[in-house]
Amino acid sequence: MYDSPTLETKLNTKNIKIAADNVQVYYGETHAIKDVSVQIQDKTVTAFIGPSGCGKSTFLRTLNRMNDTIDICRVQGNILLDGENIYDPRVDPVQLRAKVGMVFQKPNPFPKSIYDNVAYGPRIHGMSKSKADLDQIVETALRRGAIWDEVKDRLHAPGTGLSGGQQQRLCIARAVATEPEVLLMDEPCSALDPIATGQVEELIDELREDYSVVIVTHSMQQAARVSQKTAFFHLGNLVEYGDTSQIFTNPVDPRTESYITGRIG
Amino acid sequence: MTDASISGPAAKPRPNTSGSLLELDKGTRRRNAAEKRFRAYGMAAVGIGLIFLLVLLFTIVRNGVPAFTQTFIELPVTLSEAKLDKSGNRDIEEIKKVTTFGYGGLINSALETTLSDAGIASPFEKASELSKLISSSAAAQIRDYVLTHPDDIGKTVTFEVLASSRVDGYEKGRVTRVALLNDKNLDAEHLDVADQMKEAGVLKRRFNWDFILGADASESRPEQAGIGVSMLGSLFMMLVVLVLSLPIGVAASVYLEEFAPKNWFTDIIEVNISNLAAVPSIVFGILGLAVFIQFIELPQSAPLVGGLVLTLMTLPTIIISTRASLKAVPPSIRDAALGVGASKMQSVFHHVLPLAMPGILTGTILGLAQALGETAPLLLIGMVGYIASNYPDGIASGFLDPNSAMPAQIYEWAKRADPAYYERAWGGIIILLVFLMTMNIIAIILRRRFERRW
Amino acid sequence: MPATWIFLIVLAIAAIGYVLGRSRALASASGDSRNLHSLPSYYGSHVALYVAVPSLLLFGLWLVVQPILIERHVQTLIPEASYQNQGELNLLMSDVHRIASGLDFAVDYGALGAQQALDLDTDTSDIRAILASVGVALGSDVSTQTLDAAKRYRALSATGDIFRSIAVLALALAGLGFAVIKTNRDFRARNAVERVILSLLILAASLAILTTVGIVLSLVFNTIEFFKLYPALDFFFGTTWSPSFGGGSQLGILPLFWGTFYISLIALAVAVPIGLFAAIYTSEYASPKVRSMAKPLLEILAGIPTIVYGLFALLTVGPGLMAVFGPNGGLGWMQGGTAVMTAGLVMGVMLIPFVSSLSDDIINSVPQSLRDGSLGLGATKSETIKQVVLPAALPGIVGAILLAASRAIGETMIVVLGAGAAARLSMNPFDAMTTVTAKIVSQLTGDADFASPEALVAFALGMTLFVITLGLNIFALWIVRKYREQYE
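Residue numbers (this note's numbering), protein chains in the order written: chain C, 118 to 382; chain S, 91 to 544; chain E, 40 to 527.
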């Protein structure tokens, strides 16, 4: 991860970033995720697809323990990040989330300036020694978020004043600024228009060089466009997981096929 | 998107990070400590608030409960014919001519007999010294009895008379022997006598209904004071508030919520209501004084005026809560009524209003509770400083004759110099809070019982 | 005819009108209510409203206006030589009222014949004795002019009352006739009744405006009156407050302002941190169960009447502080139980729920997505609260604090009982000081003549208080509304 990104890090590296093993999630009495095991590779975009309410977002949120913030939610099973169980009692979710960043469905810039939005993560994690250092981090993050050119002249304008697509890219830049190893994206384009979607998708493709990206999406076209691996969820079960090309052209499970051909969804 | 590709190497290790999730790094440990502290501040704040509440309630109960009991002395008084009715023909006008002063001797001798019967030696040379044990209200009490039972003259009747407030205070632990050194109302010797009387069963402490139902007394007789008359004053005020604020509040809310067009006039009303809700209550007192008493010349200290002022004060509260309950009735109900050909007015009065009624009543009760506890405006319209010693004669007198109100009476007691009145003020607060609690509980029950979820 | 009777007669005519209107409408539809435009009861109500509303309005107006007119007229009867200023005139006029009502009383009780009462004069009869015999006590002997004025007062009132009865009843009957004639099967009674009801609703809603107008007028007129007697500059910038009812008062508002400000400051220093942290805890940390317990319990503090807090300050907190900071406690900072600190602390306790409830609402309305965003970056909960939630909620919280401040400034009972009576410009929080509200009470509850500057100053104080709290409220509500709009 700390190496310079090189073009050699391509698809199908056998480098496993996250390994989930028999994960169960309960919301109160509801069994939301049933027995999911999946291995997510590094420097790869993995897409979670499936009909609404199938648990793909819930499962995504277990990967950085965002579910901890919901009182009635319980998680069983193991999720290993680089071989360490993130549900181990010794693990602090705060430290975990610094490594596993997240971008949400609706752009949610803080009511602060663009600069402060991006600098927020580095500041709380104590990543900069000086103002110049922080400036550098912010610029880098905004460049990676592919929004630098649009905002470099108004870094101190409020982040809430940007357009929807810009806000979402700002949120991605904000997530990138903390130097995560994994980036979780929960339907990052669902609130955006097609042009903004295209920009964000392009960005995701570029981010793959440095991060392991997991994206939940409603749109199969999007999954096909941006991901190398796809996992299909249905009613809380992981039905099928494999290379995107294989899932979309030659699904093994009939349910996957029904979904992809539009019969359930 | 070209700029993303020129971003170059970005990865830079976070400081203080060992890399493993299983070890807390230094930064996280520090941040978690901050987290714990912050959370503790929050808990402490809630805790401090609750402790204040507890201390307040505890203080009220501890200081107020003694007001509900009172020390009495059992006194067999010989109603001597020679003193009370010299002519002997039981003419009530004749008997009336004997003032309370004339009964003093009877009480003194009764006390002497009681003491000697119980085998208690008086440490005083003058017999009249002993009468300091007894409230000066005793004479009036016996006189009233004689006037209603003239036939008992010549007999010996046993009375339960109030002990004086110092003796009562001694029984309740408020008055100590040390404190009596500078007190001309009572000496330590009296307390010795009181102790012996208590042993002999002549002096006892029992529940005192007169505190709850009785009238206020003059400054020198705290043992006799009760809150009953000012309770009636509060009752009459609340009647005025209820009768005026419920219909006016509902009418205003119905207009604003259902009929008012969006124009400057409606805006002015809205702004006025929300601002009136936050005007200090003392300002309403000034309004009452200037308008109701000086301009319209309504009588001072009258519950009617108090009620009017409190109505104006609580109306905004009631309007705000009534509008909320009207808003909670879904539009579908209105549409349904309009759909079968009812007029707008009919749909509101036949359908919306009945459905909103529980909410409206809840709001009104809470408004009344607020009005019941309000003191400041009553000070200005003269409901303080008035000794509420007479029960109203009837309904009209209840509204128009000078009276006090519970909170005003409590304030009055708190200002009097004798600490015996402080006990009564705390006791009055207990009664006031019981009323408020009852009203709130009724409101909660109403809300629970009739609350509709659409 | 006594007022109550007129009222009852009008109601009776209205009831008759209801029956008449209803039956006439039915008759015009040959007994079949389906032929009517509106339900029969609407025709009845229509007539009843026509009877009652105009006549009762006239009645009410008359009740207010007649005494004022008579008062003016009678005042001219009193020779200007017999009084020097407004105050003495007022005293004379109140004598006139007492005599007039005393004579009424005497006639009612039979102590005087009706004619006798008209022929009274001060040379032949002892008015004081006659009135005393029916229980009306007069402070002084009655002069001829006063008696004449009183007689004139009675005569005018009696004539006025007769005219009143005639006018009101005539209007009621006219309304009856007019409405009954209009009643027939095609008349749109429901619409007419609904129009009247709507105007009644509007009237009720306008009461809010009327109240404000009443407040403003009663404050403004008396304040102007005060500034005629006492220079406004001295009032606003005077640093001494020493009213003396004999005259020569110094009525500077600054010491009162300082007391108000100091006490409010201490109150807010108690209430804001506790209230804010309590709000943060209940909205962000507490489990639903704890929250549902702690919030209502804290709100009890807001439901307790202020007189209770006042007593608590006077009898518990004051002596308690004395034990620590008083001469016997070794520190000797405090001379008496009533002090700025006493009132401020107790008021702070009272304000905790004001701050906590409103802040809790406001913190809750910060969108969850902002918290998620921050937590998702690896922020701890407290970092999220401090750096994202609170800044986002800041305007609303400022509004809540301003509302609490306006409460503190307008609070009366706690300062009347707990702060002391001495107007003082001191920095020591353990000194007794006094506030604007406390002085309004003390200037208006004494025996002062309402025309004296010492009493009128209370209205100027009230005006100042009203303007300040109103300004604070409007500003605070504006901030809160702006804030709400941001997230809606």
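To be clear, the hints were calculated from the coordinates, so they are not data collected in a lab. Here a beta-carbon is modelled for each residue, glycine too, at the ideal position from N, C-alpha and C. Incorrect hints may have been included.
Stated by the list, open to error - Restraint-style ranges between C-beta atoms, simulated for each label pair: (1) A230/S with G375/E: 48 to 58 Å; (2) F540/S with R73/E: 31 to 41 Å; (3) G342/E with R152/S: 28 to 38 Å; (4) S80/E with R152/S: 18 to 28 Å.
Said to hold, decoys possible - Listed next, the in silico DSS-like pairs over lysine-lysine satisfying Cα-Cα at most 27 Å (straight line): (5) K248/C with K425/E; (6) K352/S with K425/E; (7) K274/S with K176/S; (8) K126/S with K229/C.
Would you pick out the hints that fail for this structure and give their numbers low to high?
-> The structure breaks hints 1, 3, 4, 6, 7; every other hint is satisfied.
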